[in-house]
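Sequences listed follow chains A and B, in order.
Throughout, our numbering is defined as the position within the first sequence, counted from one, plus 6.
Throughout, our numbering is defined as the position within the second sequence, counted from one, plus 66.
If you're looking for bench data, these hints aren't it; they were derived computationally from the structure.
A virtual CB, placed ideally from N, CA and C, is assigned to each residue, including glycine.
Take the hints with a grain of salt, since some may be wrong.
[To be verified] Covered stretches of chain B, going by a simulated chain A footprint (3 or more residues, C-beta under 8 Å):
| hint | segment |
| --- | --- |
| 1 | 85–95 |
| 2 | 121–133 |
| 3 | 155–161 |
| 4 | 195–202 |
| 5 | 231–243 |
| 6 | 256–269 |
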Amino acid sequence: MADLAVDATTDSGPQGPVDESYLKLLLVLLVSAAFFEGYDGSILALLLPDIQSTFRVSEAVLGITRIPIELGLFVAFFVTRLSDRLGRRPVLLWSVVGYTLFTAATAFSWDIWSFAFFQFGSRVFLGAEYAIGVTMIVEEFPAGRRGRALGTLLTFAALGTIAVGLLIAAGLDETDLGWRAFYLVGLLPLVLLSFYRRRLRETQRFLQVKAARDAGQTIRQVPFLEPWKAQYRRNLVLVGLIHMLRSIPLFGSTAWWAFYAERERGFTSLQVSIYIISAYGLGCIGYYVCGRAMERFGRRPTAMVYFVGGIVFSIVLFQVSGAVISFFALLLAVFFGLGMGPVMGSFATELFPTEIRGQAAAWIRNWFEIAGYVFGPALVGVLGDHSTGAIGNIGDTVTLLMVLQLPTLWLVWRYMPETKGLELEDVIASEPRLALP
Amino acid sequence: MTYKTFGIGVAVCLALMIAIGFGINAINRGHSRPEGVAEDWLAAVGDATREGVEADATRRAEEIAPILTEEVLAGGYGLIGRDTDGKSAFADLEVGKAVRAQSEDGTDGRATVRFRVHARRADDLVELDGEMLLRDAKQGWVVEALEVTRRGGTATPSDGFAPPPPPLASDGGPPPSSASAGVWVGGVLVGVLVTVVASALVNWAGREPALAVAR
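Sequences are here, hints too, so could you generate the full structure?
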């Protein structure tokens, strides 16, 4: 995440008026980053058996290859930081190009390791694209509309998953190209977006800082380790741990559900795609409800309810065999498990003052949460391998990993401050005045 | 925090990850399940008709079932359709829980396992049910015999293998394998341990909440 800061008072939106039509255009262009984050991740999750068949590798190898793939999101942290030096717009556009090239190359993978390499590159640029997109929204949208804009961004990630389900239902995986076609289809809108993104402007805040830098003024760059300073460290560790402990079972379960449903519950691939489309479509409401609930009831109670719901319905989903119960369990697991994105986002931003907010959010997402992307699917694959895994069962392995979400309930209840109704501009990094619950 | 402290922290995390990796490798060692081998063989046999990976898939199938694979790929047992249009012979597959038994001479273990595939037949899919007999050889489980017991809902003449395997999970049978009670207890203990460690880390990071509000 970009960490540019002029001073602590510049958080209240752009320095000059940004016209309404441009904000709409900006949002439309940036949601593609979120959409393809969901789309790309879902190809791996939903077509895992096909990819496994093509490359003829065990579940364990599949799980292990997820490690280098998802480490791309970690590298994205450093690419994103370039946007503080070079500008949001050029790095965003180059990220689109990079993502496009690596996605195209993925379709031509010749073995599991070439596949992993191309997906790693794709993740590097996709992660940077998404992070810069969030930064541009935060910098260009007025404070009162940021939450809705970010919520829209998250919703499109879920729509990316639905799109993959629709393409499976349409039989794209049955074509001669199989799963490779999904990566090629992903290129078409990206090529168009690469063209239309030329209408993107540099953010006013970056231009302001650049002008000051060109004029010889000293611009304070937030150091790499700034969020680890004593006054921020507690919140960083707290929020980081909550993100990490949530993401390991979350990404372990989302990456393996389709495989589990087919191989351990006997669902057909058509059934899987129908379930995904329906459950994700309805489950998206979880984002909206979460946003409303955290404003009305507060961040902490909303997070507690969503955590409990996510754990319970994920366990039901990976333990029952009945088709009807599975459907509703999947719907509610998506509603609670993924739908709590807004409240997790508020934890990652609202607890930090303006001058380090972006940097802190980047640490939380690209260092702590990345553990889930990397280790969640790998742990499930290695422990749940049907031949050699210690547990030998994907469903039980995911259920066991859900235990890791239980400590998050304790951490939220015991340590998390409530920020309901708090204006971002009011959060400063000085004397502690908020009482712990 | 200084860069030196940060470096130490990263090194500690890496060491922890490596230790966890070794730990998982240790607890995985020695597991070999007939259900997983049966699934691997079906996936390999299915892919033997898939354009581009035929040779590799055939080699893998032959490693698990040296004699049977050739017969199946030649059309025996009605498992593989003639026209799969360069796609995998099976749209999806499911393997049930295996039942193990000693062979008659008591020298090695045997296992029977039930399976179901949706096999491609031109533009159609046909549901096939069957059973496999596996033997625990020196190099691991190998598929020794096969019977297709049901095609598209119609029973085919077959005695099946003894001991008869339980129904598939989708028919109400048990899952291919399950975590033991000890694993579940261990999981809960790990959860408690993680809670304690996470609380300690938060307390180490700072005693006071760093959030302040400008009024």
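Results of checking the hints against the structure:
| no. | hint | result |
| --- | --- | --- |
| 1 | 85–95 | holds (count 3) |
| 2 | 121–133 | holds (count 3) |
| 3 | 155–161 | holds (count 5) |
| 4 | 195–202 | violated (count 0) |
| 5 | 231–243 | holds (count 8) |
| 6 | 256–269 | holds (count 8) |
Hint 4 from the list above is the single one not met by this structure.
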